[in-house]
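J.: Numbering-wise (this note's numbering), the sequence shown opens with residue 795 and increments by one.
No lab work stands behind these hints, which were simulated from the structure alone.
Keep in mind that a hint or two might mislead.
Mimicking DSSO-like on lysine-lysine, the simulated pairs with C-alpha atoms at most 27 Å apart in a straight line are [stated by the list, open to error]: (1) LYS887 <-> LYS976; (2) LYS975 <-> LYS887; (3) LYS992 <-> LYS976; (4) LYS992 <-> LYS975.
Nothing here was measured: the structure is a model prediction, and the numbers come from that model.
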Amino acid sequence: MIEPPRRPRPPQAVPGDAPATAMSTRVQAMRADFVDFAAREHSRVIRFLMRGGASLADSQDAAQEAFTQAWRLINSEPEAWARVQEPLGWMFKVAGRCLRRPPGESRRRVSTVPVADVPETAAGADDPADLIGPAVDVLAALRELPPDQRLAIRYRMDDQPNSAVAAALGLTEQQAADLVKKARVVLRYRLAEYRTRKGASHDRSP
């Protein structure tokens, strides 16, 4: 007796395939969002560093390194990036650390991210070099503030909430709010003093 042909078994799902596919899709979405974020906010990170007294070139280098670190984090630990509540504040903090790190092997190591995968971060229309000129008095006055007040004001100048200031300085939100309020008062006095000294210097010039 000839046995009827056996019906082929439906392919069995490999355990873990669906979660892996979902994670891949999520990472792709995070990467796309980050490319838009980098194009939109790169110049703001540079301006933030320049307000602390860094040169344009050093600020550009530190900003690019910070964005590269974020890109690595998205690709290696996407859940860690997803937990970042204030991405721009995170970039300010990391870029500040990159700026303070002395030149050497740690600053010059070759990126593990393929060059083609790292998003380009052009300065855009609002070039940070525009800080030179109208805002020079504010920059000079900022440098006279204590470090914690200076950092707090720089965050607020870029419309970052007090929660970002708190995260950067290890404070509560109320402490950050109090610090920002005090820093604004001090900055007004320092700016007035600076402009007075600047005016007196011009008066003495031939």
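J.: Taking the hints in turn, state whether each one holds.
T.: Tested hints:
1. LYS887 <-> LYS976: OK: LYS887 and LYS976 at ~21 Å, within 27 Å.
2. LYS975 <-> LYS887: 21 Å, holds
3. LYS992 <-> LYS976: Answer holds: LYS992 to LYS976 is near 24 Å, not above 27 Å.
4. LYS992 <-> LYS975: Holds, because 26 Å separates the two Cα atoms, which is no more than 27 Å.
When held up to the earlier numbered hints, the structure conflicts with none and fits them all.
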